[in-house]
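Undergrad: Sequence:
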Amino acid sequence: MAKDKEKVFAVIGLGTFGAKVCEDLAAKGGKVIAIDNQPELIEKVKDTVTQSILLDSTDETAMGQVPFADVNIAVVAIGENIEASILTTAILKRLGIPYILARAVTDIHNQVLRQVGADEVVNIEIEEGKRIAQRLISPEILDNISVTENISVSEVYVPKGFIGQTLEKLNLRKKLNVNIVAILRTTLSVDEEGNPVKTDNAVFPDAKEVLQESDILLVVGKNEDLNVFRNL
1 MAKDKEKVFA VIGLGTFGAK VCEDLAAKGG KVIAIDNQPE LIEKVKDTVT
51 QSILLDSTDE TAMGQVPFAD VNIAVVAIGE NIEASILTTA ILKRLGIPYI
101 LARAVTDIHN QVLRQVGADE VVNIEIEEGK RIAQRLISPE ILDNISVTEN
151 ISVSEVYVPK GFIGQTLEKL NLRKKLNVNI VAILRTTLSV DEEGNPVKTD
201 NAVFPDAKEV LQESDILLVV GKNEDLNVFR NL
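At position 92 of the sequence shown the residue is numbered 92 (the numbering used here), and the sequence of numbers has no breaks.
It is possible that part of the hints are untrue.
[Unchecked claim] When the alpha-carbon atoms are kept at most 27 Å apart in a straight line, the in silico DSS-like pairs for lysine-lysine are as follows:
no., residue 1, residue 2
1, Lys46, Lys20
2, Lys160, Lys44
3, Lys208, Lys175
4, Lys7, Lys44
[Unchecked claim] Computed spacing ranges between beta-carbons, pair by pair:
no., residue 1, residue 2, range
5, Gly29, Lys160, 40 to 46 Å
6, Glu6, Lys160, 46 to 52 Å
7, Phe204, Thr16, 33 to 39 Å
8, Glu155, Lys7, 27 to 33 Å
Note that these hints are calculated values from the structure, not bench results. Because the structure is a prediction, the values reported are computed rather than measured. Here a beta-carbon is modelled for each residue, glycine too, at the ideal position from N, C-alpha and C.
Please construct the entire structure, taking both the sequences and the accompanying hints into account.
TA: Okay, here's the thing in structure tokens:
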């Protein structure tokens with residue numbers, strides 16, 4: 001896909017997840033075609049998206065009338081109606097959509113979606129469950145994002161033993177096989193009227209960077225190495 005080509009998205013299924021996808025894509029400058037078979041859901045997004053279409057996405061004839069020619073990515077956001085989700089994905093594949101992202105609600109649903117043509121499948125319920133469990137068992141971890149099956153990026157508070165030390169001295173890449181790729185740092189100052197001002201900055205550190213007490217670290221590495229880091 002050429003970088004300078006306008007990105008056109010089709011979002012099918014306008015429940016909470018689909019409507020949010022439409023809103024965010026449109027806000028970031030994407031051209032969005034929203035599709036659902038419920039008039040009240042179409043009504044909610046019609047002023048946000050480029051085009052809203054009321055139809056049954058499991059009807060291949062009706063789907064063939066949709067202007068999909070310029071669509072780069074289709075998002076099948078249908079949730080609980082697994083049959084409709086699978087049929088819609090298969091129809092989009094037959095229509096030649098270049099990239100299809102579909103929402104799954106179970107592991108079997110995930111597998112079937114991939115078999116009928118989904119290029120990417122997300123399971124919001126499972127991923128959110130993992131994030132909640134991670135937060136409960138390791139409250140020092142603010143967020144954790146999987147990059148691959150074995151590699152993640154974790155957002156963690158700076159360990160007390162690291163405060164005041166440079167990255168060069170800590171030598172985490174050699175000692176723990178992890179890398180600090182960024183630091184989220186909050187600074188406090190006072191404005192002209194004497195009011196406190198809080199500023200959040202992202203720091204991309206070099207070896208001489210000194211870690212501060214309020215720092216939040218973005219750490220990347222293999223999951224087993226990150227687990228060691230978290231237990232420091």
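Undergrad: If a hint holds in the structure, say so; if it does not, say that too.
TA: Okay, the hints, checked on the actual structure:
The suggested pairing of lysine 46 with lysine 20 holds, with an alpha-carbon distance near 13 Å, which does not exceed 27 Å. At most 27 Å may separate the alpha-carbon atoms for a hinted pair to count; lysine 160 and lysine 44 exceed this at roughly 49 Å. Taking the CA atoms of lysine 208 and lysine 175, the gap is about 17 Å. The hint holds against a cut of 27 Å. For the hint pairing lysine 7 with lysine 44, the CA-to-CA distance comes to about 22 Å; that is within 27 Å, so the pair holds.
The hinted window of 40 to 46 Å between glycine 29 and lysine 160 holds, with their beta carbons roughly 43 Å apart. For glutamate 6 and lysine 160, the Cβ-Cβ distance of about 50 Å falls inside the hinted range of 46 to 52 Å, so the restraint holds. Our hint of 33 to 39 Å for phenylalanine 204 and threonine 16 holds, since their Cβ atoms are close to 35 Å apart. Take glutamate 155 and lysine 7: their Cβ atoms lie about 28 Å apart, and the range 27 to 33 Å holds.
Hint violations for this structure: number 2 only, all remaining hints satisfied.
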